[in-house]
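Participant: Each chain, letter by letter, is given below.
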Amino acid sequence: MRDEQIKRYARQIIMPEIGVKGQKKLLESRVLIVGAGGLGSPAIQYLAGAGVGFLGIADGDAVDISNLQRQTIHAGNLGMNKAESAKKFVEELNPDVEVEVYPFHLSPENIRDIVRGYDVVLDCTDNFVSRFLINDACVIEGIPFVHSAVLRFEGEIMTIIPGESACYRCVFAHAPPPGSVPTCQEAGVVGATVGVLGTLQAVEAIKILLNIGEPLKNRMLHVDLLTMDFTELKLKKNPECPVCSGKVREIIPEKYAESCQL
Amino acid sequence: MKRIDLRGEVCPFTFVKTKVALEEIESGEMLEVIFDHEPAVRDVPRSVEAEGHEVVEIEKIGNEEWRIVIRKK
Numbered sequence: 651m652r653d654e655q656i657k658r659y660a661r662q663i664i665m666p667e668i669g670v671k672g673q674k675k676l677l678e679s680r681v682l683i684v685g686a687g688g689l690g691s692p693a694i695q696y697l698a699g700a701g702v703g704f705l706g707i708a709d710g711d712a713v714d715i716s717n718l719q720r721q722t723i724h725a726g727n728l729g730m731n732k733a734e735s736a737k738k739f740v741e742e743l744n745p746d747v748e749v750e751v752y753p754f755h756l757s758p759e760n761i762r763d764i765v766r767g768y769d770v771v772l773d774c775t776d777n778f779v780s781r782f783l784i785n786d787a788c789v790i791e792g793i794p795f796v797h798s799a800v801l802r803f804e805g806e807i808m809t810i811i812p813g814e815s816a817c818y819r820c821v822f823a824h825a826p827p828p829g830s831v832p833t834c835q836e837a838g839v840v841g842a843t844v845g846v847l848g849t850l851q852a853v854e855a856i857k858i859l860l861n862i863g864e865p866l867k868n869r870m871l872h873v874d875l876l877t878m879d880f881t882e883l884k885l886k887k888n889p890e891c892p893v894c895s896g897k898v899r900e901i902i903p904e905k906y907a908e909s910c911q912l
Numbered sequence: 272m273k274r275i276d277l278r279g280e281v282c283p284f285t286f287v288k289t290k291v292a293l294e295e296i297e298s299g300e301m302l303e304v305i306f307d308h309e310p311a312v313r314d315v316p317r318s319v320e321a322e323g324h325e326v327v328e329i330e331k332i333g334n335e336e337w338r339i340v341i342r343k344k
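So the protein lines, in turn, are chains A and B.
Heads up: the first sequence runs through residues 651 to 912, numbered per our numbering.
Heads up: the second sequence runs through residues 272 to 344, numbered per our numbering.
Everything labelled a hint here was simulated from the structure, so no lab data went into it.
A quick note: this is a predicted structure, and the numbers were derived from the prediction, not measured.
There could be a bad hint or two in this list.
Within a straight-line C-alpha distance of at most 27 Å, the following computed DSSO-like cross-link-like pairs (lysine-lysine) qualify [as the list claims (entries may be wrong)]:
1) K905/A <-> K857/A
2) K674/A <-> K905/A
3) K344/B <-> K674/A
4) K675/A <-> K273/B
5) K887/A <-> K867/A
6) K344/B <-> K657/A
7) K857/A <-> K884/A
8) K675/A <-> K331/B
9) K887/A <-> K897/A
10) K857/A <-> K867/A
11) K331/B <-> K344/B
12) K886/A <-> K857/A
13) K857/A <-> K344/B
14) K331/B <-> K273/B
15) K273/B <-> K344/B
16) K657/A <-> K671/A
17) K886/A <-> K738/A
18) K886/A <-> K905/A
19) K343/B <-> K671/A
20) K884/A <-> K671/A
21) K273/B <-> K657/A
22) K867/A <-> K884/A
23) K897/A <-> K886/A
24) K343/B <-> K674/A
25) K675/A <-> K738/A
26) K857/A <-> K657/A
27) K675/A <-> K886/A
28) K905/A <-> K887/A
29) K671/A <-> K273/B
30) K343/B <-> K657/A
31) K897/A <-> K884/A
32) K671/A <-> K331/B
33) K657/A <-> K675/A
34) K886/A <-> K867/A
35) K343/B <-> K331/B
36) K273/B <-> K674/A
37) K331/B <-> K905/A
38) K738/A <-> K867/A
Just chain A, with the same shape it has in the complex (with noise of 0.2 Å):
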């Protein structure tokens, strides 16, 4: 590790937790961020920080001025692609960290080759389509991954390791009908709280690559930061799950219409 690099990651290297050893396993490590809005802010800019080696960003957004309330890393970027924009914010960050831009909405055609050789995935998507996509994809290829979703002061958030805990059909099979659940555009959101759960799928993030700690595997933590109510819901892998059985083998792009029943 170059002295400059000692320096950088001081404060973690300094931990038992991590140390040297775990410093270079995050600097050779691979993770997937699907969104840079909300969610996928601060979670780019943790694992930037971090100094994960290796950060995919895919988002077919622009960076338009409502997202500023939230989306922090975009400031100064309006009307850039946003995977663009967070890949600028992170080179400025952390020269240690290659960033990989994927600037267009992931489909059921492109999912699988693109989470295919990421040692985490994040879930920073705004809508149920994508959740299913990535869902689908990763227990497929078995790759970690971290959901996470928000509306005004409340939020979500599990991890899934496939083959050993629940995967998000476990818990909601399909979605639920169009319109039934309000969108942020719609409900609205604070930026604090998106903030707060990024940065919890970021810390997810890295506990899965050092394999520390307890992550959330087959529970649901749900927060309601009106309250400070935080509630864990236990989780249980579904037997009859089309995925998770390992049932479903193939992404088909006409299930991933509106209700994604499979």
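Take the given structure of chain A and dock chain B to it, following the hints.
Facilitator: Only chain B this time, still in chain A's reference frame:
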């Protein structure tokens, strides 16, 4: 015995660089550390012991210079 000269370094880098050097030697081997940052006389041995290594020697070798010897766990 491996020797590192940390004169000019302050906390927490005295400990961080000691830790990096310890990871480069084998279990049971000794490491000699020289430094001139006074608080490190207390901090480095305490942090090193907290990680299970043995502090064999602490010696003042100059007006503002110290030497410690550590055996890696």
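Participant: Would you mind marking each hint as holding or not holding in the structure?
Facilitator: So, going through the hints one by one against the coordinates:
1. K905/A <-> K857/A: It is violated: about 33 Å lies between the C-alpha atoms, which goes past 27 Å.
2. K674/A <-> K905/A: Violated, because 41 Å separates the two Cα atoms, which is more than 27 Å.
3. K344/B <-> K674/A: holds, 21 Å
4. K675/A <-> K273/B: holds, 25 Å
5. K887/A <-> K867/A: holds, 10 Å
6. K344/B <-> K657/A: Cα-Cα ~24 Å, so holds.
7. K857/A <-> K884/A: holds, 20 Å
8. K675/A <-> K331/B: With Cα atoms ~37 Å apart, K675/A and K331/B exceed 27 Å; violated.
9. K887/A <-> K897/A: OK: K887/A and K897/A at ~14 Å, within 27 Å.
10. K857/A <-> K867/A: holds, 12 Å
11. K331/B <-> K344/B: holds, 24 Å
12. K886/A <-> K857/A: Satisfied, since the Cα-Cα distance of roughly 21 Å is no more than 27 Å.
13. K857/A <-> K344/B: Holds, because 25 Å separates the two Cα atoms, which is no more than 27 Å.
14. K331/B <-> K273/B: holds, 19 Å
15. K273/B <-> K344/B: Between K273/B and K344/B the Cα gap is close to 15 Å, so the pair holds against 27 Å.
16. K657/A <-> K671/A: Since the Cα atoms of K657/A and K671/A sit roughly 15 Å apart, the hinted pair holds (cutoff 27 Å).
17. K886/A <-> K738/A: violated, 40 Å
18. K886/A <-> K905/A: holds, 24 Å
19. K343/B <-> K671/A: holds, 15 Å
20. K884/A <-> K671/A: violated, 33 Å
21. K273/B <-> K657/A: Holds, at roughly 21 Å.
22. K867/A <-> K884/A: Holds, at about 9 Å.
23. K897/A <-> K886/A: holds, 18 Å
24. K343/B <-> K674/A: Between K343/B and K674/A the Cα gap is close to 20 Å, so the pair holds against 27 Å.
25. K675/A <-> K738/A: holds, 24 Å
26. K857/A <-> K657/A: Distance ~22 Å between K857/A and K657/A Cα, so the pair holds.
27. K675/A <-> K886/A: Outside the cut-off at roughly 31 Å; violated.
28. K905/A <-> K887/A: Holds. K905/A to K887/A sits at ~22 Å (cutoff 27 Å).
29. K671/A <-> K273/B: holds, 19 Å
30. K343/B <-> K657/A: holds, 23 Å
31. K897/A <-> K884/A: The hint holds at about 24 Å.
32. K671/A <-> K331/B: Since the Cα atoms of K671/A and K331/B sit roughly 32 Å apart, the hinted pair is violated (cutoff 27 Å).
33. K657/A <-> K675/A: holds, 17 Å
34. K886/A <-> K867/A: holds, 10 Å
35. K343/B <-> K331/B: Since the Cα atoms of K343/B and K331/B sit roughly 21 Å apart, the hinted pair holds (cutoff 27 Å).
36. K273/B <-> K674/A: Holds - the C-alpha atoms of K674/A and K273/B are around 22 Å apart, at most 27 Å.
37. K331/B <-> K905/A: violated, 73 Å
38. K738/A <-> K867/A: violated, 33 Å
Going down the numbered hints, you'll see the structure goes against 1, 2, 8, 17, 20, 27, 32, 37, 38, while the others check out.
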